[in-house]
Every structure is written in structure tokens, then in C-alpha cells.
Amino acid sequence: DAKTTQPPSMDCAEGRAANLPCNHSTISGNEYVYWYRQIHSQGPQYIIHGLKNNETNEMASLIITEDRKSSTLILPHATLRDTAVYYCIVRPNMIYNQGGKLIFGQGTELSVKP
Amino acid sequence: DAGVIQSPRHEVTEMGQEVTLRCKPISGHDYLFWYRQTMMRGLELLIYFNNNVPIDDSGMPEDRFSAKMPNASFSTLKIQPSEPRDSAVYFCASSSRLAGGSTDTQYFGPGTRLTVL
Chain Y
6 DAKTTQPPSM
16 DCAEGRAANL
26 PCNHSTISGN
36 EYVYWYRQIH
46 SQGPQYIIHG
56 LKNNETNEMA
66 SLIITEDRKS
76 STLILPHATL
86 RDTAVYYCIV
96 RPNMIYNQGG
106 KLIFGQGTEL
116 SVKP
Chain L
87 DAGVIQSPRH
97 EVTEMGQEVT
107 LRCKPISGHD
117 YLFWYRQTMM
127 RGLELLIYFN
137 NNVPIDDSGM
147 PEDRFSAKMP
157 NASFSTLKIQ
167 PSEPRDSAVY
177 FCASSSRLAG
187 GSTDTQYFGP
197 GTRLTVL
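Protein sequences, first through last, are from chains Y and L.
Each residue of the first sequence is one higher than the one before, counting from 6 in my numbering.
Each residue of the second sequence is one higher than the one before, counting from 87 in my numbering.
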């Protein structure tokens with residue numbers, strides 16, 4: 006599985022956009038980029054994933070560069086409740102009876118401040 | 087849906103005792119995962135099942151750890167005998183291979199905080 010590199014911590018002002026970068030320069034063609042977050046004392050929570058195209062859902066937007074070597078998770082209007090550790094993970098398609106593994110790195114600890 | 091259910095939420099035991107952690111996955115999900123989280127090692131996958139069959143147990147630390155999934159709605163992670171270094175938060179997660187698709191998302195339970203004295 007490809008490795009990812011994320012900054013260990015970031016701050017963001019409440020109400021502003023939070024842009025969390027992730028480098029995955031060794032990603033291969035069939036690997037997806039997944040983002041999860043973990044709020045203190047809770048289990049990780051799925052946010053979004055993508056392969057090539059930019060993706061948006063009710064939680065966030067995912068921007069993947071054309072060469073797919075990096076991506077950015079965008080929380081458009083960060084709130085205090087978005088304070089969490091954010092994990093960027095790359096993994097291959099889940100082939101039947103294989104795959105499914107998520108390898109978590111250290112993530113980025115995002116602090117949203119009033 | 088109630089989500090992934092884990093019990094107990096907290097467990098304190100003494101070294102050498104047997105510990106059993108329980109998990110009920112989301113109904114209809116065919117994959118179940120056990121993770122362990124510590125400050126030193128972060129979040130690491132221990133084992134996962136597909137249709138109740140263990141697929142990859144390469145993350146299980148040693149023979150003291152065992153996991154079973156007797157049916158689609160229940161799984162256990164057992165530690166016997168427990169040691170202080172087993173103290174961690176243990177998470178269970180489940181997922182479902184999308185019909186006709188090739189990606190999935192995992193839904194995590196609230197975790198069991200285990201303390202071995």
C-alpha cells in the first residue's frame with residue numbers, strides 16, 4: 006500500500022475553510038484516497054474518498070491533483086466540532102475476498118479555534 | 087440503525103486474567119474488523135473477517151489474542167492471559183462491499199477501553 010505524509014498539526018479559525026494536505030507520491034493507478042477523522046474518545050469516522058476526480062459531499066470536499074500524488078481535504082466552514090485527528094489513507098479497490106484493510110498513519114491534528 | 091455496538095465500553099482487569107471484548111456489526115455488513123489504538127503505535131488493524139471467515143490475522147500480536155465470528159451479527163476478541171501492555175482502546179468496525187462496486191467505507195464502533203493492571 007502507498008504511504009501518505011500529512012502535517013502533524015494545523016490550526017483553523019472557526020467559520021473559515023480548513024485545508025488539510027496529504028502527499029501520496031507513490032500511489033498506484035487503482036488506489037483510492039480515503040479520509041477519516043477521529044474526534045477525541047470516539048471511533049474513526051468516514052469523511053470522503055476519491056480516485057481521480059474531485060469529490061464533494063455534505064461533510065467536505067476532496068481535491069486530488071491531476072498526477073494523483075497529493076490531495077487536499079477541505080472543510081468549507083470549520084466549526085469547533087471539527088476539531089479532530091484527520092487521517093489520509095490510500096488503498097486499492099476492494100477485490101472480492103481481499104482488500105478491506107485501512108492502514109492508518111499518524112494523521113493531522115486539526116484544532117479549530119474560536 | 088444503531089451502528090456498530092461494542093461491549094463493554096470500559097474494562098479494568100488484572101494481569102493474567104482473561105478478557106473478552108464483544109462486537110455487533112451493522113446489520114447486513116459482511117466485513118468485520120478489529121483494531122487497537124495506543125499512543126505509541128497509533129491505530130493498527132488486528133484481524134478482519136469476511137462472511138464470518140477470518141481473512142487476514144497478520145496484525146494479531148501473539149497467541150494470547152484470538153478472535154471469532156460465530157455468526158454475521160457477533161464477534162469476540164479474546165485475550166488470555168492479559169498483560170499490562172495490552173492496555174489500549176479496541177475498536178470494531180464493519181463494512182459492506184457495495185453491490186457491483188469495488189470500494190467500501192468502514193463504520194467504527196465507540197471502542198472498548200481496556201486497562202490491564
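A couple of the hints might just be wrong.
The list that follows gives simulated cross-link-like pairs (lysine to aspartate or glutamate, EDC-like), each with its CA atoms no further than 16 Å apart [to be verified]:
| hint | chain 1 | residue 1 | chain 2 | residue 2 |
| --- | --- | --- | --- | --- |
| 1 | Y | Lys8 | L | Glu130 |
| 2 | L | Lys164 | L | Glu97 |
| 3 | Y | Lys106 | L | Asp143 |
| 4 | Y | Lys106 | L | Glu97 |
Over 10 Å on every C-beta distance to chain Y, these chain L residues come out as not near it, computed from the model [said to hold, decoys possible]:
| hint | residue |
| --- | --- |
| 5 | Ser93 |
| 6 | Val98 |
| 7 | Thr99 |
| 8 | Gly102 |
| 9 | Thr106 |
| 10 | Arg108 |
| 11 | Glu130 |
| 12 | Asn138 |
| 13 | Pro147 |
| 14 | Thr162 |
| 15 | Gln166 |
| 16 | Pro170 |
| 17 | Arg171 |
| 18 | Thr191 |
| 19 | Gln192 |
| 20 | Pro196 |
Simulated from the structure, these hints should not be mistaken for lab results.
The model shown is predicted, which means the values in this text are computed figures rather than measured ones.
Here a beta-carbon is modelled for each residue, glycine too, at the ideal position from N, C-alpha and C.
Handout entry: Hint numbers not upheld by this structure, sorted from lowest to highest
Key = 4, 11, 18, 19 and 20
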